Every structure is written in structure tokens, then in C-alpha cells.
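Residues per chain are reported as follows:
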Amino acid sequence: MTESSHDLNITLLTYTEIESVKGSIGNFEVTIRKKARSVNMSKCTGCGECREKCPQKKIPNEFDLGLGKRTAIYIPFTQAVPNVPVIDRENCIYFTKGKCQVCSKACPTGAIDYEQKDELITEKFGAIVVATGFSMFDSKAYGEYGGGRFKNVISSLHLERMLDSSGPSAGKVVRPSDGKEPHDVVFLQCVGSRDESKGLPYCSRICCMYTAKHALLLKDHNPESQSYVFYIDIRAGGKNYEEFVKRTQKEYGAIYIRGRVSRIYEKGDKMVVCGADTLTGTSVKIEADLVVLATAMIPNPDAAELAQKLHIPYDKYGFYTEVHPKLQPVESVTKGIFLTGPCSFPKDIPDSVAMSGAASVGVCAVLSKDELIVEPKIAWVDDERCTGCLNCVKVCPFDAIETREVDGVQHARVIESLCQGCGNCASTCRVKAVTVRGFTDEQVYAQIEASMGKV
Amino acid sequence: MQGDAHAFRNLILKHSSEDVGKCIQCGKCTAGCPLTFEMEFMPNQILELIRTNQEEKVLRCNTFWFCVSCQTCSVRCPENIDIAKIMNTLRKLNIEKGMKPSPGGVVTFNKVFLDSIRSYGRVYELGMVMKYNLMTGQPLKDASFGPAMFMKRKIALLPHRLKELPLIKTLMAKSRRLME
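Top to bottom, those sequences are chains L and H.
0 is the number of the first residue of the first sequence in numbering that gives the first Met the number 0; add one for each residue after it.
0 is the number of the first residue of the second sequence in numbering that gives the first Met the number 0; add one for each residue after it.
Mixed in with the good hints there might be a few duds.
Unchecked claim - Below are the BS3-like pairs computed for lysine-lysine, each with C-alpha atoms no more than 27 Å apart in a straight line:
#: 1; chain 1: H; residue 1: 162; chain 2: H; residue 2: 151
#: 2; chain 1: L; residue 1: 284; chain 2: L; residue 2: 139
#: 3; chain 1: H; residue 1: 96; chain 2: H; residue 2: 173
#: 4; chain 1: L; residue 1: 284; chain 2: L; residue 2: 197
#: 5; chain 1: H; residue 1: 84; chain 2: L; residue 2: 284
#: 6; chain 1: L; residue 1: 431; chain 2: L; residue 2: 376
#: 7; chain 1: L; residue 1: 123; chain 2: L; residue 2: 34
#: 8; chain 1: L; residue 1: 238; chain 2: L; residue 2: 249
#: 9; chain 1: L; residue 1: 197; chain 2: H; residue 2: 21
#: 10; chain 1: L; residue 1: 266; chain 2: L; residue 2: 179
#: 11; chain 1: L; residue 1: 315; chain 2: H; residue 2: 21
#: 12; chain 1: L; residue 1: 197; chain 2: H; residue 2: 84
#: 13; chain 1: H; residue 1: 21; chain 2: L; residue 2: 139
#: 14; chain 1: L; residue 1: 150; chain 2: L; residue 2: 269
#: 15; chain 1: L; residue 1: 245; chain 2: L; residue 2: 284
Hints are computed from structural coordinates only; laboratory data are not their basis.
Values in this document were obtained by computation on a predicted structure and should not be read as measured data.
Let the hints inform the model, and build the full structure from the sequences given.
So, in C-alpha cells, the structure goes:
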């Protein structure tokens, strides 16, 4: 990130959101909302004086999932790019009570600007790469695991933050309830994943590996600790993955138990985990100090909203759909829009990096050519028949039909670079003015006759 | 395995409309079951045995007799399989096929219990205990508890009859008809 922020050919637009996307491949017109940061980016040197002086210090840090605290003027995490803070107006004393301005007084370059407003900019782009990532499943849906009531039942992301040396507990794993170091730690895999009853029958793909990593690091941080991992199947498909899991079991002494956990309850200051060992055909009870849930990867809550702005399709979960899962995994159905990382399906880091490389090359392929080769099987409008009702415009999922005037009447016209040949318009048109090339009535009848005999 | 490799799975599907093919063998049913200490096969193993068509093994084991239909397994199953219903189906199939009777006289107990309801509209404890112990060939098993329980008024010598007995009888007849 730091490297890209220094590159002259890359413009980073951080703290921004997409408002709308118009146009097509090679010619996207994107309206971007630059949110009011309340800090002048060109004046700020990133010295951090304002953050040190800010009197509002008790806001739960979102990046640390509430384990740590942050100030009202803040950067989300230490390595954030750019190193320019933002004022959280909902919690800032000046913005809520009208008095304070301590950050403004502390700033040596006068970069604080309380009057800053959201700014809308519109720019043209040739291609778009969607890399919006994922969210974590909220384990509150599991009443039997405490539903969020137990302090010592945490998610893997909490543990990840605790293991970070610049994290909220400075690299020490502690129990949220009393701050003590846990001795027995139980990991639960597939919390949300592979659970039809929670609407997530898919495997999240990354949990097996990060759970093994956590069990390994935990032993590394505290050699006295003992990890137990409840799993259904270990899915360690990848270079050196299986060896890594083996190492966690053999060298780091993590005990793997094949079975799901049915219930967790509190007993004194311990958490009792009731699971099964399906290999021995017995039920198992473990008294743990800390329980870590490997929660599923799910799409971002606003994934559908963004898809609608970009005119790209998404599946029933909210993951963006690629043209072909095997042959065109990084292209979205809308030409010129590429997908990388887990926004299209759960992926680990190597896969995301590989996809990003593929998407970059895909973008280069678009931008380096003067002419665009499109699929021949797309719709066209017969001007003689078109009555200008424009019902086709309403049903087109790709916004590929525009209007134009023919002899003073509005007619539909297909934008060839956008049309995907879905046929919605052709089946909607009441006067049969729209046809999909390769699927004319004559051609379809000919196919039927060829396969069924004369009809 | 010979013949139709899915015969038993389909039989269970027909009787309970539950398909064990959905099971991913996660073991959550076993993990939550309060009776596993008595069971020959764990609930998840029962599903696997049904899937692999091992009818004899399943219908001769004691697992489904110890199922108390608390439904913990059914509620927590990630694949929404009603395991308690499958256990009930296995009990029915066991009786229908005249397989090995239940351990500890579970069927006898159920019969004696329902007989008591049918006669009095509620449980007549003393009569039920005596009848059950006689039928299972241990007539004096609980005799020593009798006086103490009588003194504490936990059991009565004579049965109490419910006023709405005819209504109970109608209900039971109707449920029997529904079963058939």
C-alpha cells in the first residue's frame, strides 16, 4: 500500500465511496463521494500530535473489534495508508458539544478543517476492479454457543488482533473477562460455514489454515498453553498446507477432535465445551479458559447495493458472479469489470493475490487495444418495428439499451459493448422488434426440427 | 451389501420423510445428546449405518430405545435433519419387524404407562410399578421404597380417576387411528 501511494501513476482515493457508475467498458463514468475527513490532506504531515492530545479517548476501536480504544481523531491502524487521520464526527466533542478544538491547537501545520464537506467528483475510467473483500459471520446466531453472552467466547479475528504485537493487548493473548492468560483454549471450526440451517452451506476455505496458525502461535506465545481443535474435515489443500497442519498437531501439540460442538456453557470461570469425537464414537467435554470460534466468511452487508450500482450480478449469498467459475474466474459478467479476492467467493491470500494479478492483466488487455472484440450473440433492434415503448430498457439488467431519436420518435438501441445476450429484451418486446443474433425464431425452430423431426 | 444399496435409507425416507443423505457427519447430534453414555451407536453413527444400508445392525442396537426425544439433535442439526424423528421411526420399525426387544423393557414400560392412562386418565404409580416389575420378571425390585414413599404421600394405594376419562379415551383412540 505504501509503495502504491508513492507511485506517480497511481492515484489513491481513500475514505471515498462509489455513488454511481455509468457507461461501459473503456468508458466508465464514476461518481465518487469523497467523505469529509475534517483534515486537510495536503497540509497534514502525519505527526500524530492531534491523536495524542484528543481528549475523547474511550471510543471502541473498530479495527480491534472493540478490544482496544481509539480517539475521536484517529487512523484506523498503525500501518494505514495514507497516514492522515480522520475526525469521527459522531464522537468528536467539538462536533457534538461545540467546544474543544484541541486537535486544531495541537496541529503544527494547521491541517484541521472543521468546515470540510463531502465532495462529489466524477471521473472517467477504462476498467474497474472490484476488490471489496468480505465480512465475518456474526456468531450471535448460535444460541448454543452463548449467542454473544459469554465474554470468553471470542472470534478468530479477536484472537488475531490479540496476537498482533501492535494490537490491543500488545501481542499477549488474554481472556476478555479477567485479563488472565488462558491455559486451555478450544477452537471451533465451521461456525456458520457448512451450516445449511444458517443459510451458509458452503465451506469458507480459510478457517482450517488460520485455526492451525492460531493454535501454533498460541503455543509459541505461551508454551504452557494447550489447544483443542474441533473440526469436521481438515481442508488443507494448498502448497505446504497439509504439512503445516501436521506440524501444528505434532510439534505444537494441538489436539484435533473430529466433531462439532453442540453447546458451550459457563462453569465458574471456565467455559465447558460439549462436543463429539466421531472417530471414537463418544461425546467429549472440555473445560476451557478461552473458546475461539472460526466464523464463516460472508459477503459485505452492502455487497448487493454496490453490485446494483456497478450493474454486476451476485449470487444468493451476495457474492459477485464471475462469467465462468473455471475459465473466466476474474471477469464479471459486465465487461470491463473484474473481480478479485473474496468478493466473489471465500478465498485465501495466495488465491486472492493470483486473482489480482490476473485482473490487472485483464485490465491491461482492455486498455492496450483500440478496438474491442465482442461476442456476436447479442441483441439488435429493428428500427422499422420498434414503437418506442422502451419496455426493453426497463428489463435490461446491464443498462445496455439506450434511446435515440429516429424521425422524431424515441427508439431503443443496443449498446453493443454492454449487451451480454441474455435475451430479456427480446422476450419482452411486444412487436418482436428485438432479436438476439443467433437466436432468431427461425433459428430456434430449425434447431427444434433438427432434433425432434418436423413439427 | 447386496441388492438395492439404498434400500434402508429409502425405507427411512418413506417412513419419516427425513433423508440421511444430507448428513455431513459433523457429529453435532452426538455432541448434544444427553443419553450417549447408554447408546451402543452414537446418533451420527446411526445415520451413517442407515446410509450404508446396515439395517440389521441399526434395528438390533439399543440407541433408539434410549432416545428420549428431547430433540436437541434435531434443533441443532446444521442440515436440518430431524434425527429424533428418525429414532422414533426406528422404534416403530423394530416393533413392526419383530426384532430384538428393547433393553430394560422400554416397550413394556411404554405399554404399562399408556395402559394406566387409558384406565384412569392419569398415572396410577403403584399399579404401574407393580405391573412393570411383574412383566419384566423382577416383582420385588422396588418393594423396599414402597413404605417410605407412601409415608411421604408420593404414592397412593388406590388409583385416582380423572373426571374427563371418556375424553382421554376418545383422544387416545383418535391418535391410534392417526398412527395407523
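message: Of the numbered hints stated earlier in the document, which are not met by this structure?
response: As far as the earlier hints go, not one is violated by this structure.
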